[in-house]
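Listed in order, the protein sequences are those of chains S and X. If you read the first sequence in this note's numbering, its first letter stands for residue 78, the second for the next number, and so on. If you read the second sequence in this note's numbering, its first letter stands for residue 515, the second for the next number, and so on.
Misleading hints may appear alongside valid ones.
[To be verified] Taking lysine to aspartate or glutamate and the DMTMM-like style, the derived pairs with C-alpha atoms no more than 20 Å apart in a straight line are:
1. X:K582 <-> S:E96
2. S:K133 <-> S:E110
3. X:K796 <-> S:E451
[Unchecked claim] Computed far set for chain X versus chain S, every beta-carbon distance over 12 Å:
4. V532
5. W556
6. G589
7. N690
8. H713
9. D788
10. T795
Rather than coming from a laboratory, the hints here were simulated on the basis of the structure. Please read all numbers here as calculations on a predicted model, not as lab measurements. Even glycine gets a Cβ: it sits at the ideal position worked out from N, Cα and C.
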Amino acid sequence: MNRVLHDFPGGLKLPTGKELSDRLPSLLHPLPERLYLPLHQHVGHPAMPCVRVGDKVRKGQLIAGAREYVSVPVHASTSGRILTIGDYPVPHPAEFKAPCIVIEADGLDEWHDIEPSPDYAATDPADLQRVIHHCGIVGLGGAGFPTHVKLGEGFENAVELLIINGVECEPYITCDDRLIQEKADYIIAGARMIAHAVQARQCVIAIEDDMPEARQALVTALDGDDIELVAVPTRYPAGGEKQLIRTLTGRDVPVGGLPIDIGIVIQNVATAAAVYRAVTRGEPLISRYVTITGAIENPRNLQVLLGTPVRDCVEKCGHRSFSESRIILGGPMMGMQVNHPYIPIVKTTNCVLIQQRESLPPELPCIKCGRCSEVCPAGLMPQRLYHAALRDDFGQAVDRHLFECIECGLCAYVCPSRIPLVRYFRYAKTQINNKERQLQTAQDLRERFLAKQQRDRQDARSSPSAPEAAQDDKRAYLKEAISRSRSRRERIRHQHDPDEKPGDD
Amino acid sequence: MTEAPAFSPPYLHAGANVPAIMREVALALVPGVIVYFFCFGWGVVLQCLLCMSYALAVEALLLRLLGKDVRLFLGDGSAAVTGLLFALCISPFTPWWTSLFGIAFALVCGKHLYGGLGRNPFNPAMVGYVFVLLSYPAETNRWPGPEIPNLAEYISIILRGEGSAIDAFSGASALNEMKSRLGDMQIVSEILTAPGFGHLAGRVTEWINLAFAAGGIYLILRGVIRWHIPAAVLAGMFISSAFLATLDSELHASPGFHLLAGGTMLGSFFIATDPVTSPETKNGCLLYGFLIGLLALLIRRYGAYPDGIAFAVLIANAAAPLLTRLTLPRLPGEVR
């Protein structure tokens, strides 16, 4: 079946730089001496350590568990001894230190006892989701959202379409391309497992039309007509969730909503491969493909154990001069610059890009040329958001749909005044979220206080009511998430524009 | 906004910059300037050089007084382009002090009082031009022809501003002629046979307009400006003049005359398209352009001044923020 492809707004063909690293097969990165495993490599709550300093661990052993629903466990990437548990630099835009478990490798790389799940097709989808959760799998495309949560939300709703996203649209990154070429069968099997876990009616694997080898690999490995293979036109950011959904289905995710609101679940190809390993072998997520590229001697893809310092990886590819270059984790459009070379590769690290250091060009005022609006894939008008952020006018920024911005960086890429627009937008988002959190805390405290008053009053009447049974963690989360996303925009609007009349839109 | 990390993504850039845009605009003006020079002589070149130097000097002084980075902002090229556009609006006879006043007014009251580059609601060149047009009508509204002064004569006219010397060389522009003769109860077909007229409009202005249009099309092809505004200005002028001409073609000049007379092409491709002072949405630009075309024609036909482009642009500038708000696009997936 030939799918009719649709167009998304904005976007731009970028110089890809992919030829640097997409020719050579990936290499297994050698075992590093020490591994730094952050407890928080995903969206949600950090994991809680369940080992002690000095403990012996084996490869794949659980070392930090997930206590909350929106959290995933962390596993030992190799066998060895727990050296310390403490704060170390982690990949974060603000460059702070966060709790990590440091493992001293013993060089044996001995596996913990892992057990495969029986025939997945006969397994209950909820059990399959549990396996995925226990194996610590998160979205490997870069965002790091816990996979089981997405799948759980999917299973609760009717999933029309599962999209396996191999549209690696950002320049320089080729890890998904290489993964597809080398592990096409894993991806296809993993896609079927995810499709089973969410009971999806259709499944599409999407790649870009400039990935002929990957396409060939998938065509060869595909042994059924349950999965459709689609090559979408190469244009950044074609691999963005909303952009890809638009391209494949012509439908738009509602503003402020999620793909599941229109019956779609979307997962990265690497996630599918990780699901395959987790289900068929019981292997937790302990390694991933990482593209090491840019101004470096031997750019290529490496299969890296999580927790390996970035420095080890780039030195393996012939990088020496750390003083004259900067290290970017992720691609050149959406990645983050890190200054500490011992920062570890984590679950969301898809690329390490080395760039020559150059001085920042001067920022001129906005001349409203409108180029940013032309390229914005979310259909926003970045210059108007920028002016709102510049004035700290956050109500205006939210009204102008700041939270629809996916930070793809195209606006800043084309800006002739060299305004770092994404930085302004992140700043505004952080400020708004902080204010909202403060308001939420105040409200929580107030509710607590009122509840206490109520209890005291009831105590006085000497008939304590039985505490309500604690709700199922997962259901509570889902309910909360839905109500949060619905009320968020409304609330912020009123918070910032107190004089505006309600319902005045 | 407070502190943020020095570098933020993206770590790539397409390479576009404001000085390059301004250079493209200046380059696109060259064909028009050359034809203008052939038609009106050295005065054109002198005015261009004079006004650009004024603009750079005044801008540098203002930046210094305001404590801004003189090299950075002078280098953005916007002041030079303002000077150049101003020079192409005024008559080549304009005395040196008149253009100095115009430029100073443009940059002080049209630009820096609002906060400088990117913040001015009105097109600075038009602010300056309208200022001299209203304040010194005798100095700015006399056009050379049919006899053209030579370089020395131009220098003496510009330096001394002697009325008698100007009288010796000046004729009436096509728009002036059309306006005054229609006022004298003549009819269009009769007026067009007068010596100053060519195929459609003024004998020389129609070629100047075509040359500016060519430069404007170059800017569109290079992606410096979008087609919406010039197309809408021309459409607005065409439709409204065609409407009048169908009512009575002997009382109202043809659309062809209006499109190629006065500052139509310079205004629609180079002045109305100033991104700072035009609406931010495509539909807004279409409305804005149409408004300019319509107003310019009404001012030409019924106003006190022969050409109306400058006034029309300033009025439409004032409407631009409103036009933006009225035409904000809907987001994909947005329910209203």
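Evaluation of the provided hints:
For the suggested pair K582 of chain X and E96 of chain S, the alpha carbons sit about 44 Å apart, so the restraint of at most 20 Å is broken. Distance check on the hinted pair: K133 of chain S and E110 of chain S sit about 15 Å apart at the alpha-carbon level, within 20 Å; holds. Annotation: proposed proximity of K796 of chain X to E451 of chain S holds, straight-line Cα distance about 10 Å (limit 20 Å). At roughly 5 Å, the least C-beta separation between V532 of chain X and chain S is not larger than 12 Å, which violates its mark as non-interface.
Here W556 of chain X stays apart from chain S, with its beta-carbon at least about 33 Å from theirs, past the 12 Å limit. Against the 12 Å criterion, G589 of chain X falls within the reach of chain S, whose nearest CB is about 9 Å from its own CB. Even its closest Cβ contact with chain S, about 35 Å, leaves N690 of chain X beyond 12 Å, as expected for a residue assigned away from the interface. A cut-off of 12 Å between C-beta atoms confirms that H713 of chain X is not in contact with chain S; the least separation is 36 Å.
Separation of D788 of chain X from chain S is inadequate, the least Cβ-Cβ distance of about 9 Å not exceeding the 12 Å criterion. Chain S draws T795 of chain X into its interface by the beta-carbon criterion, the shortest separation being 8 Å against a cut-off of 12 Å.
In this structure, the earlier hints numbered 1, 4, 6, 9, 10 are contradicted, and the remaining ones agree with it.
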